[in-house]
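Chain by chain, the residues run as shown.
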Amino acid sequence: MKLFKRILLFVIILLIAIQFIPYKHPQTNNNTKGDIIVTGQISGEIASILKTSCYDCHSNQTHYPWYSHIAPVSWLLASHINEGKEDLNFSEWNSYNKRRKISKLSDIKELVEKNEMPISSYTFIHRKAKLNEHEKNLIMKWSDELTDKLLK
Amino acid sequence: MKKISILFSSLTVLCAILFLQGRTIRNNEPLTGLKTDTTHINYYGSVKVVLDNKCYNCHNQTSRSEKARRKLNLDSLSLLSKVAQVSKLDKIVETLDKGDMPPKKYLEYKPEGKLTADETKAIKDWAQKTSDGLLK
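First to last, the sequence lines map onto chains D and L. FYI, in this note's numbering the residues of the first sequence are 132 to 283. FYI, in this note's numbering the residues of the second sequence are 16 to 151.
For the record, the hints were derived by calculation from the structure and aren't laboratory data. Any given hint might turn out to be false.
[Said to hold, decoys possible] Covered by chain D, per the in silico footprint, the following chain L stretches (three or more residues, Cβ under 8 Å):
1. 94-105
2. 138-150
[Unchecked claim] Heads up, simulated DSS-like pairs for lysine-lysine below, C-alpha to C-alpha not over 27 Å straight-line:
3. K272/D <-> K216/D
4. K136/L <-> K86/L
5. K151/L <-> K229/D
6. K283/D <-> K151/L
7. K232/D <-> K86/L
8. K119/L <-> K86/L
9. K164/D <-> K283/D
10. K82/L <-> K216/D
11. K182/D <-> K155/D
12. K240/D <-> K63/L
13. K63/L <-> K229/D
14. K139/L <-> K129/L
15. K216/D <-> K119/L
16. K113/L <-> K232/D
17. K240/D <-> K82/L
18. K106/L <-> K63/L
19. K113/L <-> K86/L
20. K283/D <-> K240/D
21. K229/D <-> K86/L
22. K232/D <-> K151/L
23. K267/D <-> K86/L
24. K82/L <-> K125/L
25. K136/D <-> K216/D
26. K151/L <-> K136/L
27. K259/D <-> K280/D
28. K106/L <-> K272/D
29. K151/L <-> K245/D
30. K164/D <-> K229/D
31. K216/D <-> K261/D
32. K216/D <-> K106/L
33. K82/L <-> K151/L
34. K97/L <-> K267/D
35. K106/L <-> K267/D
Please read all numbers here as calculations on a predicted model, not as lab measurements. Where is the CB? At the ideal position from N, CA and C, for every residue including glycine.
All chains, please: the whole structure from these sequences, using the hints.
So this is what it looks like as structure tokens:
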């Protein structure tokens, strides 16, 4: 009993202590000039899917829930979102050249088809973000169509 | 004792969740999308020498690294579809811009494998020029 109490106390102190380790959430930015949705390049249906399933990690419009400010969750989220935005940022879509857009669309199609995106640790918490078969097909079709348009 | 077991089990589950969310997603599928007709790829200037000396060891058809071969296979680059080629060429540019290649672990035991500024520029220029040609 004494040992259990000591371990528990240690864990609680550790959890409190790590809250003081500085971290920085990737900033959100309401300047949406270059955003793929704002520029009207995609349909309402695709926009809705992207916003629900992709935008938290792949845009400057991340929604940070209350638990995102508690370590170690805050660290994991910061790391995920930084990596996500580095790989693909829909808010900067217009800054991508044609080659980059085609490459990103190819990645989107491949990863959605293989159920690798959105990632399971995200959809475990955000159930609505999980893509059903219809949504997957819509995204893949959209990727193909936009790629064909860019190739012309 | 029971409480210690519960606490230990809870910590184990928490650690497992944290570990699993950070796991690398592996793709062990073989290279697909090859076509029999080829798009001839021009290796402008000195870039062929640079690719041969600094990249080919890992990025070839018989590479021991399945991941390196899957990410970029210089032997079959010209066999890919136009979109796939443009994609690979863009990945080359993006990867070099980030300074991610050659990998740091590789350079630890082979520091001479590091790309010079001129070599990086040569590869990027080649990748951009080749993809521009494909997009015409």
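27 Å Cα cutoff - pair K216/D, K119/L: Distance ~22 Å between K216/D and K119/L Cα, so the pair holds.
query: Given the hinted pair K106/L and K63/L, is their alpha-carbon gap at most 27 Å?
result: 18 Å, holds
query: Does the alpha-carbon distance linking K240/D and K63/L stay inside the 27 Å limit?
result: 31 Å, violated
message: Tell me if the straight-line CA distance from K272/D to K216/D falls inside 27 Å.
response: Holds: K272/D and K216/D sit about 23 Å apart, inside 27 Å.
query: Does the structure keep K283/D and K151/L at a Cα separation of 27 Å or less?
result: Within the cut-off at roughly 8 Å; holds.
message: Tell me if the straight-line CA distance from K164/D to K283/D falls inside 27 Å.
response: 25 Å, holds
- request: Would you check the hint for K82/L and K151/L, treating anything up to 27 Å between C-alpha atoms as holding?
  value: Status violated; Cα separation ~31 Å.
message: So if I understand the rule, the pair passes when the alpha-carbon distance is 27 Å or less; does K259/D with K280/D pass?
response: 30 Å, violated
query: Regarding the pair K232/D and K151/L, is the alpha-carbon distance no greater than 27 Å?
result: 15 Å, holds
task: Compare the distance between the alpha carbons of K151/L and K229/D with 27 Å, and conclude whether the hinted pair is satisfied.
output: Judged against 27 Å, a Cα distance of about 11 Å means the pair holds.
message: Run the distance test for K216/D versus K106/L: straight-line Cα separation, threshold 27 Å.
response: 15 Å, holds
message: Does K216/D sit within 27 Å of K136/D, going by the straight-line distance between their CA atoms?
response: Violated. K136/D to K216/D sits at ~43 Å, over the 27 Å cutoff.
Taken one by one, the earlier hints fail for this structure at numbers 12, 25, 27, 29 and 33, listed in ascending order.
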